[in-house]
Amino acid sequence: AQSVTQLGSHVSVSEGALVLLRCNYSSSVPPYLFWYVQYPNQGLQLLLKYTSAATLVKGINGFEAEFKKSETSFHLTKPSAHMSDAAEYFCAVGGSNYKLTFGKGTLLTVNP
Amino acid sequence: DAGVTQSPTHLIKTRGQQVTLRCSPKSGHDTVSWYQQALGQGPQFIFQYYEEEERQRGNFPDRFSGHQFPNYSSELNVNALLLGDSALYLCASSDISGSNTGELFFGEGSRLTVL
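Chains as they are written, first to last, in our numbering: chain F, 36 to 147; chain E, 22 to 136.
Bear in mind the hints are in silico, worked out from the structure with no lab data behind them.
If a hint is listed, it holds; no wrong ones were tucked in.
Straight-line distance between alpha carbons at most 20 Å, and here's what the computed EDC-like set of lysine to aspartate or glutamate pairs gives: (1) K139/F with E129/E; (2) K84/F with E124/E; (3) K34/E with D83/E; (4) K47/E with E124/E; (5) K84/F with E106/F; (6) K47/E with E96/E; (7) K47/E with E75/E; (8) K93/F with E124/E; (9) K139/F with E123/F; (10) K139/F with D106/E; (11) K47/E with E73/E; (12) K139/F with D120/F; (13) K93/F with D120/F; (14) K139/F with E124/E; (15) K93/F with E123/F; (16) K84/F with E123/F; (17) K84/F with D116/E.
Isolated chain F (complex conformation) (with noise of 0.2 Å):
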């Protein structure tokens, strides 16, 4: 079994911050690891995936994110926040089967 857990369900940075989203996985065969980014009204958009090649990974929007096998865990990070990173988040652990596992979704706020 497959199980996902985002820390913080809501996340409020200010514009020019760092962006650092926190997830942590569970799952008894090498993971497929991935983020996407769901805006208001709107279906899921893929940010970036984790496939067993390199451990950190680059997504679109300056985003990136770590696979850390010891730790379970597949953060996402961006330098600097732009006003329209503001969107919910969700991390997903999933394989070959392509059946993904989501979180329960973290809302990023970016203030002015």
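Assemble chain E onto chain F, guided by the hints.
Here is chain E on its own, set in the frame of chain F:
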């Protein structure tokens, strides 16, 4: 290149009714999965269709059923609607027979309200 398209975008039903949601996968994709996203929650896996058969199923009752057509499009049917079925229903497509990235491409969703 059209992405994943879903219809309808919004619909309102009453308890006990039945609903059908439709999904066309991204061009070149052969697999469709359905997820339910309740308000304030992450998406929950309902089931996955590949080669017109249900391949995997999440923890959802038999009231939830689906179908995949030869052109890879899919339908999600929910019978005997309950208030708790109110949610955003997301369709996701993937290319199981091609790449092995585990990545899903999502549509914009169908928002179902049950009164």
